[in-house]
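**Q** Sequence:
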Amino acid sequence: MERERDLVANPKNASLILTTASLHEAADEMERLVEEEKERQSSNANDRLFIGVMPAGISYCDKTVEEHGDYKKLAFLPYDTLKLELREDCPEDLARTIRKDAASIQAKAGELYPVSATGQTVLLGSSLPEIVEEEEGLSV
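Counting along the sequence shown from 1, when you hit position 75 you're at 78 in this note's numbering, and nothing is skipped either side.
Quick caveat, the hints were computed from the structure, so don't treat them as lab data. As the structure is a prediction and not an experimental result, all values here were calculated from the model. Backbone N, C-alpha and C define an ideal beta-carbon position, used for all residues, glycine too. Treat the hints with care, as some may be off.
[Claimed, not checked] Label pairs and their in silico Cβ distance ranges:
no.: 1; residue 1: D50; residue 2: T121; range: 28 to 34 Å
no.: 2; residue 1: D31; residue 2: A120; range: 46 to 52 Å
no.: 3; residue 1: M33; residue 2: G72; range: 42 to 48 Å
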């Protein structure tokens, strides 16, 4: 039985026997390598990404590409709508990182968000209907 599960190959008169156990080991190693590559790409994306807190929203730019004398703009997240505006030419590895960061900010809709070192804040999602209704209820 065990012999039936073995894979035998004879390239240039050299015998190589791969058992199912060694195939599982190889699959585990491939999975580990894929995870390492994903982490490396994520780290690379974090090194390339500039996230700027601007007066009207969060700006996401690629530090490795210059466009019009500045970092190339990839996406923008307005404070009032919290709707991510992702450019079509944004590389996928950076888009994943941008979406993840934007989601963490979008989850804070209705909260005050610091936009300066002097303590200025903005209300995240201030134009969203549920936030407007909540704010109107507070002011009555």
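**Q** Against each hint, give a clear statement of whether it holds in the structure.
**A** How the hints compare with the structure:
A beta carbon spacing of about 29 Å between D50 and T121 agrees with the range 28 to 34 Å that was offered as a hint. Look at D31 against A120: about 48 Å separates their beta carbons, and that is inside 46 to 52 Å. M33 and G72 have their C-beta atoms about 44 Å apart, which keeps the hinted 42 to 48 Å range intact.
In summary, the structure agrees with every hint in the numbered list given earlier.
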